[in-house]
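Chains as they are written, first to last, in the working numbering: chain U, 1127 to 1536; chain Y, 7 to 375; chain D, 809 to 1330.
Everything labelled a hint here was simulated from the structure, so no lab data went into it.
Where is the CB? At the ideal position from N, CA and C, for every residue including glycine.
Keeping only pairs whose Cα atoms sit at most 30 Å apart, straight-line, the calculated DSS-like set for lysine-lysine is:
# : chain 1 : residue 1 : chain 2 : residue 2
1 : Y       : Lys154    : D       : Lys811
2 : D       : Lys1204   : Y       : Lys24
3 : Y       : Lys246    : Y       : Lys154
4 : D       : Lys846    : U       : Lys1474
5 : Y       : Lys255    : Y       : Lys154
Anything over 12 Å on all C-beta distances counts as not near chain U; from chain D, calculated:
#  : residue
6  : Arg815
7  : Thr816
8  : Ser818
9  : Ile844
10 : Val847
11 : Phe890
12 : Gly938
13 : Met942
14 : Leu965
15 : His1074
16 : Ile1170
17 : Leu1172
Computed Cβ-Cβ distance ranges for the label pairs, DEER-style:
#  : chain 1 : residue 1 : chain 2 : residue 2 : range
18 : Y       : Thr143    : U       : Thr1434   : 46 to 52 Å
19 : D       : Pro1073   : U       : Val1161   : 45 to 51 Å
20 : Y       : Thr143    : D       : Asn972    : 46 to 52 Å
21 : U       : Gly1483   : D       : Asn972    : 55 to 61 Å
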Amino acid sequence: MKLSRLFILAVIFVMILSACGPAAEAPEAEEPVGVDPTEICENDDFGCAVIAPGQTIKIGMGSPMTGGNAAFGIDAEQAGMIAVADAGEHEGFQFELIAEDDGGTPEGGAAVANKFAADPTVVGVAGHLFSGATFAAMPIYEELGIPMLSPSATNPDLTRQGSRVFNRVPFTDEAQGQAAAEYMFNDLGFRKVAFLHDGQDYGKGLAEIAAATFESLGGEVVELMGITPGEADYSPVLSTIAAQSPDALYFGGYTQEGVVLTNNMPTSGMEYVVFFGCDGTFGVDYLARTGANGEGTYHATPRTPPETPEKDGFDAAYQERWGQAPGELSPFSWNSYDTTTMLIKMVKEVSFVGTDGSLYIPRGALVDAVRNLTSYVGISGTYTCFPDGDCNIEGPTFWIVENGDFVAVN
Amino acid sequence: MDANQSSPPKLTRRNYSKIIRPIFGILVLGYILWRLYLVLIVEQAYSAEVWVRLLISGLIIGGVYALIAIGYTLVYGILFMINFAHGEVMMIGTFAGYFLFEITKGINVAGAGNPPLSFSDAYPFLSVILAFLVGMTVSATAGYFLEKIAYRPLRGAPRLIPLISAIGASFFLQNAAQLLFSPQVRDYANPQAIARGSGWNLMINESRIVITYTGVLTFVLSILLMIGLYVMVQKTKLGKAMRAVASDKKTAALMGIDVDAIISRTFIISGALAGAAGVMWGLHNGLVHFYVGFLPGIKAFTAAVLGGIGNIPGAMLGGMFLGLVESLGPTALGISFQLKDVIAFLIMIVILVFRPSGLLGEVLSEEKV
Amino acid sequence: MNKETIRTGSQKGLLFGIVMIFLVLINFHIMAATMISKVLGTNVLRGAFPEVRFMIIFLVIFGMWAGWSAVRREGSTTNKLFEGLIGGMTTGLVVALFGLILFFLLETQTDVRRYLTALSFASIDIFLLGLRGMGILTLFGLFTLTGVLGGALAVGLRSQAVANFIKKIKTSIRNLRQRITDSLPDNVKKYGKYIFYLLLLVLLLLLPARWGSYNNFVFGMVGIYVILGIGLNIMLGLSGQFMIGIAALFAMGAYSVALLNSPFPHGLMWGFWPSLAVGVVMAVIGGLLLGLPIMRLRGDYLGIVTLGFGEIIRILLNSDLLTDLTGGPRGIQNIQQPTFLGMPFNDVSYAYLIIIAMAVSIFLYYRIENSRTGRAWLSIKEDALVSQATGVDVQKYKLLALCVGAAFAGLAGGIFAARNQFTGPNDHTLMVSINVLSVVIVGGINSIPGIILGSFALRGLPELLRELETYRLLVFGALLVFMMIVRPEGLWPASRPDLEEKGNTGLKEDLDPEENEGRSDD
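With these hints in hand, go ahead and build the complete structure from the sequences.
Quick look at the structure:
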C-alpha cells in the first residue's frame, strides 16, 4: 500500500517534470541577407520578440471571464477578436488574441501575467481590465518589457508608480469627478446632492472626488455612501436618502447598479430627484433597461465618441459575429477594440522581418511606441498618451437622456 | 452540554464561554441600543414614510429569502447536508420564467385590441401562473437531477463530502448558464398590468408610497406557498413520510417507506419552491443573469441557519428576519448601506452565540449537528 | 433482444443525446474538436474554427461512448451489440431531431443568439459537418454506426479473455515490483522511504530554478494552499470544527505584511520578515477573537458563523469605514520585496521560500498531531462530551486549534501578499475559503499527502485547464463532482481515519485524568 502511493507520487512528479517545457529560445539567425536583427535587438532594452514563420503574433488580454464580473471579460474578448480580425496579416504573420481569465483578482492577474511571460510570442497585453489584477500583473510585464494598454483599469495609483509599460485609455476619476461637480453646481443649479458609489475602486474614487469638489463649491453633500455591488434591489438605501430630499443623486459605478438604482428611484420617494451617472453608466444597455425611468438622467463620456464609419463598421461586425450589440455586456466594448488595435498598430510599426524570415519585434521600442502614441483616432475617442501612461485626460462630455436617446449638453 | 459539564465539577476549571458570552453580548447589544437611541430619539432624521418603505422592501425580500431558505432546510432536515447549489436551482427557475415571458410577449393575440396585444398583456393572470408553473417545474427537475447525479452516489459518505460535490455542481450550473445565455444581464418582460414600479399609492405625510403589484404578489405568494408547504408536511402522507425519514432513516425504511423516493421528492419540492422564488425575484427585481442565484443563495442559507436549520417555521422566520434586518438595519443604526451585510451577519452571530441552534431550532442530538 | 435491452439502450441513448445537445448549445463541440486538432498537431487559432474532420473524430468518440455505456453486463454477444445499436440509434435520433431544428434555423437565417448566445451560424454549420441537410442524416448514421462500434468495443474489452489479460499484466507488474524490492539491499529497503524523500527534496531544490516563472507561480500558489489547507485541517480535521471563514485569517496575515511593508497608506517599511511575524500573530489574534464568543457552537452553525466572520472581514476591508487604514477597494500596492542576505527576491527565491514554509508547516503539523494536544483534539472531534469527562479542557483545546490553524493561515497570507506585491479585498473572498475547504476534503482529511494532492488538483488543475478557455470552470465543477463520487474518502485518504484503529489506547494513557492533574497547565 505504502509503496504504491509513493509510486503514484513519483509518477506525478515525473509528469510535472515533463510538463514544464524549456525556457524561451534566444534569437538565432545571423545570415547576412535582409535586415540583420542582431544590432537592433542587442541595443534594445528588453531584446526582441521573435516570431518564427508559422507562429502568430500574440496579443494577450487578462480579464474576468468567469464569476460575477464575467460580462466585462467576455465583452472585452469579443471586441478584441474583432480587432484582430480587422488587423489582417502583417508581413505574412497573423495576429492572435489570447484572452485569459484572471477573475479580476490580483491572484488571477499574477497567474495570467506569468503565463504570458512564459510565452515568448506574446508581445503586448490589452489589459488587464480590473485594477487589482493590473497591480499584481504590472511588475511581471515590467521586467520583460511587455507593453500594457488597459481599456478599463481606472485606479489613479496605477499611473503614479512610474511604470514604463503600463498605459490605459479610460478616463480617470479626477478630471471627471471635478467636472461633474462643477457642472451640477454651476450649470444645473443643484445645491443638495447625494453621492453614492458601488464600493469598487473606480466608483468610489469618482464619487469622493465629485463630493469634495461639490462641497468646496458651496453645495451640500447630503450623503456620501457606498452600496453593495451586484444586488437587484436598492430601494432601502434610496428610501433613506429620499428623507433628506436631495436635488440629485450622483452615482459612481457601472451600468448594472446604475440601472437598478434608476429603476428603484420612482418607488422609493425619489421620483423628482435627478439621477446623475458617469461614464460607467453611459451606454445603450442603460437606455434599454431603464426605459421611461431613464428619461432626464445625466451621464458622462470622456469626450464625444466620434461617429465614424469605423465605429459603425465595428458595431455591425460585433453584432454579426456575436449576435449582441456592443455595449450590452459592458461599457468597454469600444475601448477594448481600440486598445487591441492600437497595440497591433504599434507592433506593425516597430517590427521587421529578419534575415531568417522571422519577424523581430524589439520590445523596448514597442514599449516606447505605445507610450509615445499621439492623436490616435479610435472608435471610442482620440488618444494621446502622456508620460505617466494616461492616454485620455481631456474634459468630459455630459449627456442627458431624452426620448430614449443620449443628447450631448455641453 | 452544560448540564453534563457540572457532573464532574473538578474538571471544568475554566468555562470561558460563561465569561466571554455575556461580555460579547453586552458589547454588541449595548452598541445596537446606543445607535438605535441615537437615530430614533436624538436625531429623528427619518419620518414615518421612510420606515414604511423600508418595512415594505424588507418584507418582500424576506419572503423570497424565506422560500429559498425552506429549500435548504428541507434538504438539511433529511440528509444533514448543505445543498450549496440551491441558489443555482433558483437561478434556473428565474431563467425559465424569463423565457416564458419572452415567449408570451412574442405571441400576438389576434383581434384583441388595436394595436394587437401580446399574450402576456392580454392575459396577465394566466401568463403569470404559467410562468410560475414553468419556473417551478424546471427548477424541480433541476433539483431532482442534481440529487440523482451529484448526491445520491454519496449517500452514507461523511457529511462534508456531499458539500464539496454541491460546490462542484454549483460551479457547473453557474458556468453552464453563463455559456448558454451569455453573461449579459437581461430584463424580465413583465405583463403590462403588473409592470415593475406600478402599484397602489399610499399617502403618508404628503409623501407617496408605492406598494407595487409585484411586491404584493411576491409577498402574498411566498406566504401562501409557505402555508401550503407547512400543511403538506404536517398533514399529508408524503409529509409524514418526510418527517419519518428525517428523524430516522433506518426505521423509516423498515416501516416500508422508500427512503430514496422520499429524498427525491424532497429535492423536487425544495426545487419547486426555489423556482417560485426565482420567478418572483425576476418579476419584482426585473433582472436575470447567470450569477443571480449566488447572493440570494448565501443569504437564504444564513436565514435557514438563523432560524434553526432543519426547522421549517424557523426558515420562514429566519428569512423574514434577515430581510427586515437588511432593509431596516443600516438606517435604524445609522450605518452605511455598504455594511448592511456586516450588520446582518453580526446579528446572526449574536443570535447563534446565545441560541446555538438558531431561533427556533431544538437542541439537536449530537449526531445531527 | 428483450424489453430490458431496448429500455436500457434507449435510456442511455436519450441521456447521451441530451448531453450532446447541451454541448452544442454551449459550443463545446467546437472546443472539443479544437482540442483534438491540437493533440493531432494542427494548431487552431483562438476564435477560429477547427476543420470538419476533427469534429467527426469528436462525434465518433462520443457515439462510441454512448454505445459502450448502453451495453449491460449480462447477456449474449449479439444482445450486447444490439444494445449498442439501440443506444447509438437513440442518440442519433435525438441529435438528428436537434439537427433538424438547427438546419431550420440555418436555412431561414434565424438568429437566436439573443437567447442562446453560442448558437452562431458558423457553429451550426460545422456541427452539421458542412453538409447542411445531408448533415442530419449523416449524424444519425454516424451515431448508429459508432453505437454498434461502441457495443463491439464493450463486448471485446469486457470479455473474459481481456479480463484475464489485464489480470495477468497486473500480476506481472506486481511480481516485477516485488522482485525489484527483493533484489534491493536491505539498507535500501529499510531506508527506501527516506531515499524517496531525499529524491523529492533534490527535485524540489532543482525544479524552481529550471522551470520558468509561470510554473514557479503556479507551484507557489499550490504551496500557499497547502499551508492554508494544513491550517484548516487543524481546525476541521483534527479538532472537528467546521470552518468556512479561513479567508479572514488569510487576509489578516496578508494585510499585516502589506500595511507594515509598503509606502502607502502608512509609509511603514518594517521589512518583510518582521511584518510576516506580525502577520502570523495578527492571524492568531483573529482566530482568538473569532473563537472566544462562538465556542459553544457546533457543526454547521459553526460553519455559517465563520462564513459570516469571513464576509464581515472582507466587507470591512473594502468599506469606506476603514479606507484610511486598509486602502479600501484600491488595496495596497508596492509591497516591498524581502531580501535574503542582501539579495532581493525573485520568483525562484519565492518558490524556495514557499517550499521551506511548506516543509516547516508539515513538520509542525506532524509534531502537533502526534503530541498530547493533537490527541486531545482528535478525542474532542470524536466525542466532545466523553473527552470533557476524561479531563480534556474542551474549550481550551478548541480555541487552541483555531489559533494554531490561524497561525498557518497568517503565514500563508503574508507570503501571498508579498509575492504578488499587491493585495486587495478581492483576494480574500468567500471563494478562497471554499477553495481551501475543497482542498482539504478533496485531498483527504487529516492526510498531508492528500492535502498536497488536493492543492495540486484544485489550484493546479484550473491552470492546466486554461487551454479550455471559458469552459474551464464548467469542466472543473464537473470534475469536482466526479472526484467526490469516485473517491469520496479523498485522493489520498489518511491511513488512520479514526482513533478506533490504533490510537485509542494511547489516547487513554495520555489523557488519564489523574496524570492530567499535574500537567494541566501546559
